[in-house]
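Visitor: Sequence:
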Amino acid sequence: MNLQTLIGSDELNAFYKDKFYFSYSSISKLLFSPAAFYNHYVLKQREDVVAPHLVSGRVLHCLLFEPEKYDDNFISMPGKLPTDSQKKIIDNIFRNYLVIGNNTLLLEDFQEDILTDLLKANLYQSLKTDLQRTEKILTEENKSYFNFLVKSQDKTIVDEPTLSNCKIGVEALKSNKEVRSLLQLDKTEEDIHIEVYSELPLQTDVDYLPFGFKGILDNIVLDKESKTVFINDLKTTGKSLVDFPESVQYYNYWVQAMVYVKLTYNKFLKDLPDINEWNLYFTFIVIDKYNQVYPFQVSMETMAIWQQDFEELTDILKYHYENKDFTLPYELAIGNVKL
Numbered sequence: 001m002n003l004q005t006l007i008g009s010d011e012l013n014a015f016y017k018d019k020f021y022f023s024y025s026s027i028s029k030l031l032f033s034p035a036a037f038y039n040h041y042v043l044k045q046r047e048d049v050v051a052p053h054l055v056s057g058r059v060l061h062c063l064l065f066e067p068e069k070y071d072d073n074f075i076s077m078p079g080k081l082p083t084d085s086q087k088k089i090i091d092n093i094f095r096n097y098l099v100i101g102n103n104t105l106l107l108e109d110f111q112e113d114i115l116t117d118l119l120k121a122n123l124y125q126s127l128k129t130d131l132q133r134t135e136k137i138l139t140e141e142n143k144s145y146f147n148f149l150v151k152s153q154d155k156t157i158v159d160e161p162t163l164s165n166c167k168i169g170v171e172a173l174k175s176n177k178e179v180r181s182l183l184q185l186d187k188t189e190e191d192i193h194i195e196v197y198s199e200l201p202l203q204t205d206v207d208y209l210p211f212g213f214k215g216i217l218d219n220i221v222l223d224k225e226s227k228t229v230f231i232n233d234l235k236t237t238g239k240s241l242v243d244f245p246e247s248v249q250y251y252n253y254w255v256q257a258m259v260y261v262k263l264t265y266n267k268f269l270k271d272l273p274d275i276n277e278w279n280l281y282f283t284f285i286v287i288d289k290y291n292q293v294y295p296f297q298v299s300m301e302t303m304a305i306w307q308q309d310f311e312e313l314t315d316i317l318k319y320h321y322e323n324k325d326f327t328l329p330y331e332l333a334i335g336n337v338k339l
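Read in my numbering, the sequence shown has 272 at position 272, and its numbers run on one by one without any break.
Everything labelled a hint here was simulated from the structure, so no lab data went into it. For glycine and all other residues, C-beta sits at the position ideal for the given N, C-alpha and C. Mixed in with the good hints, there may be bad ones.
Taking CB as the label site, the calculated pair distances span [what the hints assert, rightly or not]:
(1) N103 x K224: 50 to 58 angstroms
(2) Q111 x K151: 20 to 28 angstroms
(3) K227 x D91: 49 to 57 angstroms
(4) H53 x K17: 30 to 38 angstroms
(5) E171 x Y319: 26 to 34 angstroms
(6) K69 x K227: 26 to 34 angstroms
(7) N165 x N96: 37 to 45 angstroms
(8) K177 x Y208: 20 to 28 angstroms
Taking the hints into account, I'd like the entire structure generated from these sequences.
Guide: Below, the structure written as structure tokens:
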């Protein structure tokens, strides 16, 4: 019995009580670090903090595919957020505020907690007095941020520069003719042969596997006249557009593509009597930090290679899942690595 099983036997039993459905993110986490997968999905020890670039990506997706849902999921804050170090302190104070449950409390009512958190973070400890340390946190800008947190529970906070940049990005995407065509942004009521789905959650079982797959697909277009399916996935990158093919391998985007292909096939194509007459295309629509846009369509040759690689990857997932082994990456776990 390994250490993980000893530490989290109850959690492990709960994890295996129901079938697990792998998403692209859970697959990536398992490949990178089975221990991190175990902590996140079995022990439920999950990070509360969402990285700024992930917030930006979510906002961009929402504004492009579901703009009517922006206010349900996000709340905009004028000006910039506090610095990362101060924001962590205030976020933690806000968590204390939620536990206490007294909605009349203000940030300045938590001075003892602030001092404790500053000590733990080794922040402003060179200052001579506690008053000087708390004053670093109790600025008008930070008080405003705390009050904003109180009003914005269950929503993701977006600062004004991020929202502005995302709006510019959306306009860059919408002004691209190829993107408009791929996403069917100019579809009319007369185009009854075309179905468009955005931010579509799908889940599927696989007969020969003890687990399934799931995902939320950015955009699917079904053209019943030409018998064609287009799967379009929006990606943001901080690198140059020409470097995106390298990112496909580095971030395992090809895995995401294969999961989405499997989900789409099982949802829309599997039971069609004329399935052999249908074609499926996958495109990564990529926008970089300069708002340059390019749709990278995956060739049929590459799709075939990825499909074969995905079958091999499935064996790795099966090993970890069936053996309940989340200690080491697959090649290390089976002892295949020697120097």
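Visitor: Look at each hint and say if it fits the structure.
Guide: Here's how the hints hold up against the structure:
no.	hint	verdict
1	N103 x K224: 50 to 58 angstroms	holds, 53 angstroms
2	Q111 x K151: 20 to 28 angstroms	holds, 22 angstroms
3	K227 x D91: 49 to 57 angstroms	holds, 51 angstroms
4	H53 x K17: 30 to 38 angstroms	holds, 35 angstroms
5	E171 x Y319: 26 to 34 angstroms	violated, 46 angstroms
6	K69 x K227: 26 to 34 angstroms	holds, 31 angstroms
7	N165 x N96: 37 to 45 angstroms	violated, 32 angstroms
8	K177 x Y208: 20 to 28 angstroms	violated, 43 angstroms
Checked against the numbered hints given earlier, this structure breaks hints 5, 7, 8; the rest are met.
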